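**Student:** One letter stands for each residue in the lines below.
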Amino acid sequence: MTQRILTMPLPQKSHTVTGFALMAAILTFLAATTVHAELLIRVTEGADSAIPVSIVPFAESGAIPPGDKVSSIVRDDLVMTGEFRSLAPEKMLSLPSRRDEVFFRDWRMLGQRYVLVGGLTEKAGQVQARYELFDVNTEKRILGETASAPVANLRSLAHHISDKVYEAITGVPGAFSTKLAYITLDKHNGKSRYRLQVSDVDGKRAQIRLESPEPLLSPAWSPDGKKLAYVSFETGKPAIYIHEMASGKRTKIADFPGLNSAPAWSHDGQSMLMTLSKDGNAEIYQMDLQSRQLKRLTNHWAIDTEASWDSAGKGLFFTSDRSGGPQIYYKENVNAEPRRITFGSRYNARPRPDSNGKFVYYVHQRDRAFGIARTNLKTGEETVLTRTESDESPSVSPNGRMLIYATKQGDSSVLTVISADGGDAYSLPASEGDVREPAWGPLTR
Amino acid sequence: MVLHLAIIGIAVTGWSWTNPKHDPPPRSISARLITPQPKPSPIVEPDDQPDRDELRKAEEQARKLAEQKAREDAERKTKALEQKREQAEKQKREEQAKIKEAARIKAEAEAKAKQRKDAEAEKQKQAEAKRKAEEEKRRIEEQKKQEEQKRQEEAERQKQKEAAERKRQEAERKLREQHLKATADQAAQAEKAEAQKQAQAAAARARDAQMMTESEKYQALIRERLKQAWYIPSSATEEMEARLQITLLPTGELAGVKLISGSGNAAFDNSALSAACFLNRYPIPGDRDTFERYFRQFTIEFNPRRLR
Chain W
1 MTQRILTMPL PQKSHTVTGF ALMAAILTFL AATTVHAELL IRVTEGADSA IPVSIVPFAE
61 SGAIPPGDKV SSIVRDDLVM TGEFRSLAPE KMLSLPSRRD EVFFRDWRML GQRYVLVGGL
121 TEKAGQVQAR YELFDVNTEK RILGETASAP VANLRSLAHH ISDKVYEAIT GVPGAFSTKL
181 AYITLDKHNG KSRYRLQVSD VDGKRAQIRL ESPEPLLSPA WSPDGKKLAY VSFETGKPAI
241 YIHEMASGKR TKIADFPGLN SAPAWSHDGQ SMLMTLSKDG NAEIYQMDLQ SRQLKRLTNH
301 WAIDTEASWD SAGKGLFFTS DRSGGPQIYY KENVNAEPRR ITFGSRYNAR PRPDSNGKFV
361 YYVHQRDRAF GIARTNLKTG EETVLTRTES DESPSVSPNG RMLIYATKQG DSSVLTVISA
421 DGGDAYSLPA SEGDVREPAW GPLTR
Chain R
1 MVLHLAIIGI AVTGWSWTNP KHDPPPRSIS ARLITPQPKP SPIVEPDDQP DRDELRKAEE
61 QARKLAEQKA REDAERKTKA LEQKREQAEK QKREEQAKIK EAARIKAEAE AKAKQRKDAE
121 AEKQKQAEAK RKAEEEKRRI EEQKKQEEQK RQEEAERQKQ KEAAERKRQE AERKLREQHL
181 KATADQAAQA EKAEAQKQAQ AAAARARDAQ MMTESEKYQA LIRERLKQAW YIPSSATEEM
241 EARLQITLLP TGELAGVKLI SGSGNAAFDN SALSAACFLN RYPIPGDRDT FERYFRQFTI
301 EFNPRRLR
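Protein chains in written order, with my numbering: chain W, 1 to 445; chain R, 1 to 308.
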C-alpha cells in the first residue's frame with residue numbers, strides 16, 4: 001500500500017532583521033517610559049473563511065514522470081479539507097522554488113497567508129522533494145524538509161507533503177496519506193455490477209478489490225488498515241466477510257439466518273460489532289474474531305443496528321427505532337442502559353463518532369431531505385452540515401477534520417468530502433455509475 | 001569578730017563565775033569547837049560543934065582555920081583553874097572569833113572579789129554589749145549613710161534623666177512643630193497645586209474622555225481588522241491563549257511584535273503572530289497624544305470563543 005516516505009528537516013537559514021529589531025527595541029524603551037496601564041485588545045473570533053495558501057509549482061530536475069504535478073496534488077489535498085483556498089499558479093507574480101526567490105510583499109499583495117515552494121530531483125528512480133513553507137506576514141519559515149519516494153510513487157510523496165503542510169499550519173496531523181474504501185455500482189452488459197474499491201483520499205489510484213453481481217455493502221477498515229470487512233449478498237443472502245488487502249484472501253465470518261450486517265471493528269482489531277437477526281429481531285452482537293463467539297449487546301423488540309465503538313473503545317453508538325423512528329443511542333459500556341443522543345428530527349441514523357470523542361456524525365432527515373449532521377457530545381448541540389437532498393453514509397477522517405459521504409449528483413451517486421465543521425463540499429472525481437458507502441481508512445505510519 | 005568577742009567574753013565570765021565555788025567558808029568547824037562547856041564542881045561546907053568545946057573549940061578553931069585555909073587554897077586553886085580555864089576559853093573564843101573574823105573577812109573578800117568579778121564580767125559584758133550595740137549602731141548608721149548616699153545618687157540620676165527627657169521632649173516638640181509647620185506649608189502648597197491641578201484635570205478629563213472615546217474607537221477598529229486576519233487553526237481549543245506585545249510607529253506601521261505568552265501550541269501562536277503582522281498599518285487615531293498613550297505599545301490577546 002503506502003510507500004514509506006523518508007523525511008528530513010531542512011536547515012533553517014539564518015535571517016537577520018537587526019535594523020528592525022533595534023528599532024523595535026528603541027521604541028519599546030521609549031514606550032516603557034510612559035506609566036499608564038497598557039492597552040489590551042482581546043480577539044476572540046477569527047476569519048470565517050478558508051486560509052489563502054499558494055502552492056508554487058515545484059522546480060524539477062531529472063526525469064520526473066509526466067502526469068499530475070506534485071504541487072497540484074498538494075493543492076487539491078489542502079483545498080479538499082475546506083480549510084484552505086489556493087491561488088492558481090497563473091495568478092502568481094513569480095514562481096519561486098527557494099527562499100531567496102520569495103518576495104513576501106508580492107504574496108502579501110496577492111492576499112496570501114502561506115507560500116509553499118520546493119523542488120523535485122530525480123536520481124536513479126528515486127525522487128527527492130525539498131519543500132519550504134513560509135508565513136507571508138511574519139516572513140518566517142514554518143516548515144522545511146526533504147522527503148523521497150520511488151518515481152512510481154509520486155502521489156504518495158505529494159500526499160506526504162500535504163500532511164506536513166497541513167500539520168504545520170493547523171497543528172493537526174494531515175490525513176492525506178490514508179485510503180478510502182467504497183462500493184460502486186454500474187451496469188455491465190445489462191447486469192448490475194457491484195465493486196469494492198480502494199483509493200487515495202482524493203479518489204485517485206482506485207483499485208478494484210472485489211466485484212460481484214450481488215450487492216456489496218458497509219465496508220469497514222480494520223484498525224491497522226490491512227483488512228476490510230463488508231457485507232456481501234453473493235450467496236443470495238447477506239453475510240459478513242473479512243478481506244485481507246495484501247493477499248486478497250476472504251473469510252466469511254457471519255452467515256447466520258436472517259440479517260448479517262453493519263460490521264464495525266473494535267479498536268484492537270480482535271472483535272467486531274455486527275447486526276444479526278438470528279434471534280428473531282435485529283440486535284447488536286459482538287463477535288470475538290478468534291473464537292467466533294458472540295455476545296449479545298442489545299435486547300429490544302425494536303431494531304438495533306449500525307453500531308460502532310466510541311473513541312475510547314468502551315461505549316458504543318447505534319441506531320434504534322425503539323422510540324418509533326430511527327434515532328442515535330449511546331451505551332456508555334456494553335452493559336449500560338442506552339441513552340438517546342438525537343432529538344432534532346424524526347430520522348437520525350448511521351452514527352459515526354470521530355476519533356477525538358468530540359462529535360458523532362449521522363444521517364439526519366429534515367423537511368424530507370437527508371443531510372449529514374453532527375452532535376457535540378459534550379454540549380449535546382446539533383449542527384446540520386449538509387443540506388443536499390439525499391446524503392448518506394458519513395465517514396470521518398482519522399484526524400477528525402474531514403467527512404466523506406455519498407450524495408446524489410444528477411442521476412448518480414458520488415462521494416463528497418467536506419470539512420468536519422461543514423462548509424464547502426469537494427466532490428471526488430466521478431467514476432461511472434454510482435459510488436456509495438465510503439469508509440475512511442485509518443492513519444498508518 | 002563580734003561573735004568571737006562574744007564567745008571569748010562568755011568563756012571568761014563563765015570561768016570567773018565558777019572559780020569561787022572551790023573554797024566554801026568553814027563555818028561548821030568553829031561551831032563544834034564551842035560546845036560542851038564543863039560546869040564547876042559543888043563545894044560541901046562543915047557544921048559548927050561545942051567544948052571539948054574549947055579544944056574542940058581551939059581545935060575547932062585550928063581545924064576551922066585549916067579548913068578555911070584549905071578551902072581558901074582550893075578556892076584559890078579553883079579560882080586559878082577557873083581563871084586559867086576562862087583564860088583558855090577566852091583565848092579559844094578569841095581565836096575562834098579571830099578565825100571566824102578571818103573567814104568572814106575572807107568570805108567577804110571573796111564575795112567582794114566575786115562581786116567585783118561579776119561586776120567586772122557584767123561590766124565587760126555590758127561593754128561588749130555596748131560595743132556591739134555601738135558597732136551595730138555604727139553599721140546601721142553606715143548603712144543608712146550608704147543608703148542615703150545611694151538615694152541621693154539615685155535622685156541625682158533621676159533628676160538628670162528627667163532633665164534629659166525634658167530636653168528630648170522639648171526637642172521632639174520643636175521638631176514636631178517644625179514638621180507640622182512644614183506639613184502645613186506643604187498642605188497649603190499642595191492645596192494650591194491641587195486647585196491648579198483640579199483646574200487642569202477638569203480640562204484633562206475632557207481631553208481624556210475625548211482620548212478615551214477616540215482610543216475605544218480605534219481599539220474596535222483594530223479588533224475588527226485582527227478578527228478578519230486571524231485564521232484560527234483547527235487544533236485550537238477555547239482554553240488556548242496567546243499574548244502579543246505590539247509596538248507601532250506614529251504612522252501606524254508595525255514596528256515590532258513579540259510573543260509575551262504562548263498557548264503551548266505552535267500552530268496557534270503562529271496564527272496569532274501572522275494575524276498581528278498581517279496588519280502592516282494599524283488604524284490609529286490622528287491625535288498624537290492619544291496615540292502615545294494607547295497605541296504606541298499595547299497587548300493583543302488571542303483567545304477563541306465559540307469554536308465550532
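To be clear, the hints were calculated from the coordinates, so they are not data collected in a lab. It is possible that part of the hints are untrue.
To be verified - Subject to a maximum C-alpha distance of 25 Å in a straight line, what follows is the list of computed BS3-like cross-link-like pairs (lysine-lysine):
id: 1; chain 1: R; residue 1: 258; chain 2: W; residue 2: 140
id: 2; chain 1: W; residue 1: 249; chain 2: W; residue 2: 204
id: 3; chain 1: W; residue 1: 140; chain 2: R; residue 2: 227
id: 4; chain 1: W; residue 1: 252; chain 2: W; residue 2: 204
id: 5; chain 1: R; residue 1: 98; chain 2: R; residue 2: 123
From a predicted model like this one, the values you see are computed outputs, not experimental measurements.
**Student:** Check each numbered hint from earlier against the structure, then list the numbers of those it violates in ascending order.
**Tutor:** As far as the earlier hints go, 4, 5 are violated by this structure, in ascending order.
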